[in-house]
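Trainee: Listed below are the residues making up each chain.
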Amino acid sequence: MTKSTRTALILGGSLLFLATAASAHTPLCACYDNGDGTVLCEGGYSDGSSAANVPMIVRNEAGETLLEGAVDANGEFEFERPEGFHDVLFDAGEGHQIVVPQDEIY
Amino acid sequence: MKKLLAATALSAFALAAPAMAHFQLVYGPDMNVRKPVQMPLKLIFWHPFENGHAMDMGQPEEFFYVLKGKKTDISDSLRPITFQGANNESAAFEGVLPVKRNGDYIVGLVPAPYYEGSEDIYIQQITKTFVNKGGAPTGWNEPVGMKTEFVPLNKPYNVIAGSTFSARLLSGGKPVVGAEVEVEYLAAEPDMEANAPSEVTARPMPGGALVACTDENGVFTFGIPKAGFWGFAALGSGPDTEHAGKELSQDAVIWIKAFDLE
Chain A
1 MTKSTRTALI LGGSLLFLAT AASAHTPLCA CYDNGDGTVL CEGGYSDGSS
51 AANVPMIVRN EAGETLLEGA VDANGEFEFE RPEGFHDVLF DAGEGHQIVV
101 PQDEIY
Chain B
107 MKKLLAATAL SAFALAAPAM AHFQLVYGPD MNVRKPVQMP LKLIFWHPFE
157 NGHAMDMGQP EEFFYVLKGK KTDISDSLRP ITFQGANNES AAFEGVLPVK
207 RNGDYIVGLV PAPYYEGSED IYIQQITKTF VNKGGAPTGW NEPVGMKTEF
257 VPLNKPYNVI AGSTFSARLL SGGKPVVGAE VEVEYLAAEP DMEANAPSEV
307 TARPMPGGAL VACTDENGVF TFGIPKAGFW GFAALGSGPD TEHAGKELSQ
357 DAVIWIKAFD LE
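If you're matching them up, the sequences are chains A and B in order. Note that my numbering has the first sequence beginning at 1, numbered continuously upward. Note that my numbering has the second sequence beginning at 107, numbered continuously upward.
Treat the hints as calculated values from the structure; they're not laboratory data. Don't take every hint at face value.
[To be verified] Pairwise CB distance ranges, derived in the manner of DEER restraints:
#1 B:E222 x A:A70: 40 to 46 Å
#2 B:K352 x A:T38: 53 to 59 Å
#3 A:T38 x B:P186: 38 to 44 Å
Please read these numbers as outputs of a predicted model, since none were measured by experiment. Yeah, the Cβ is synthetic: ideal placement off N, Cα and C, and Gly gets one too.
One chain only, chain B, in its complex shape (with noise of 0.2 Å):
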């Protein structure tokens, strides 16, 4: 009986997870910075909203920032990590971000295709996130000419908690129309020493993926309700379909960063 139940948990389980996204993050706990830093990011494919399954990466295709409209390729700092997931482990990077002038650095990270054996498709969610040094905007609200990409039309790395975050969702530069955009908040943030999720200060509510979808620009909006990281994905956003003869769903995320107004 107690066998059965274990079962039935355990399929309740796995019924529940497939509901939550895939998500890739490129992680760093500040998004704002006022010196020159030589600043660590973590690239992660997980849950993370429900601080759940953890997937392996493959060797990134591109890792870069753009500072005013000027692309680095950072792929040479690129080592390899383990993530401590909370159910399990997997293979993750470590990139440094040089951040020495001041203005946006827009960084961009192109995954390798990922397999996802149960739907029998690849995954590769093109993602890009924001680190700005000493207030000075320059470039946040500008495309950065990924295959698929949000363009956010509120500046990113300092939304209030309370408010709303709205950006255009773009596919070879044009904007897309009516497309799902699932939504994560980042529960436990990776504690950057462990390479470990540090405390769950969230969990996903019933009902599935948060979901928003595009408007005829291309845009959607979203309200912030939680201080912390929020991250957006657009699946199948981008113009490529296969790969390695199989399905693509070549996806669009960002991440936001946003704060209680104290």
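Bound conformation, chain A alone (with noise of 0.2 Å):
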């Protein structure tokens, strides 16, 4: 076996380990009024790893960003009900992204 064909198949093998990983790690995110003026968000996944700096987007109806900021280390983002406020994204990149819609905010 070359060295090159070694290299390969180890990289293949710890391509496969994060795919599964991955697959056991789905992305959770709810936010809830404080009633107060502001919403709370809470991201993480499922199998209670930290989501801590994914990035949370709030936007209006046409999807245009609001305002930003990220999920901090205890999992959560806060932030004040913007004029136009229609959703959060919780953005952790193709395939973990949730959107939580105004109507689900508690």
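Since each chain comes alone in its own frame, lean on the hints to assemble the complex.
Mentor: This is the structure:
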């Protein structure tokens, strides 16, 4: 076995491992109205891993960004409800995006 | 002759009954929710596998939940109800679990000790159950500091029927080796409106209580053959052994929910 084949195999193995881990790793996001004009969102994963630093985008009905932030180390993102607020996008990349519409904020 | 037959049948029933176990139930139909909810929970002390005799509960000593390591007292939500068992009615309670944030709500009940006349002892079944919101796991596999408790090694609110469930039994935070764990199926789930058993879906088999034992690490494993609620009780595993001058059996109880893989 050449060195490059071995490297390719190791790389392949690592990719497989990463892919397997990702499939058991569903993103979760829920938001709550704090009743004082602010909204609190919780982001995380179904395996309990942290979603810290995942971008959170607050949008209007046209899908335009009104506010941007990120999930903090406690898995939370809080914002003041802006004029024209429609939904929140938890944006952990392709296949890991969640949109929480206004009527699912409790 | 008929009287004699009836008496014999009754004695047989009476003899059969003690083989099944007392089980403290903390019941809500859903262990998995997606939206915030004020969830009613029924606290019933009975023989759930045989849909049998129900016992009167006194005012519980503690009723709480633990979410992300924070314990919240919800005993103010308790109100007395009457449970209409299949053969008798009993004093029971209803409480409310406020579910808002995502995560594992580990619900704990420390009931008042119950005097069991037939054994001349008190029984106190310290009971744990779970509600998960949003699929986020936040501590189902951690102890919550009860005097005696089961700590699950499998996620307790979505066990697959046909798989196994394991838990570690603790007393005063330390594993209990060689304890007998009685196992019961909730054969008739309580009707939340009627406070009575609903349809009976299973009956206990011969041979008495189902029993598994904890190993040298305090762990037991049981194969879960059927979807629904399963309860596990370790009798006398708690550190307290006396109440009001009589023997106290301080037990640990845990409830889990299994689903068919469809």
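Trainee: All the hints need checking, so say for each whether the structure fits it.
Mentor: Do the hints match the structure? See the list:
| no. | hint | result |
| --- | --- | --- |
| 1 | B:E222 x A:A70: 40 to 46 Å | 57 Å, violated |
| 2 | B:K352 x A:T38: 53 to 59 Å | 55 Å, holds |
| 3 | A:T38 x B:P186: 38 to 44 Å | 39 Å, holds |
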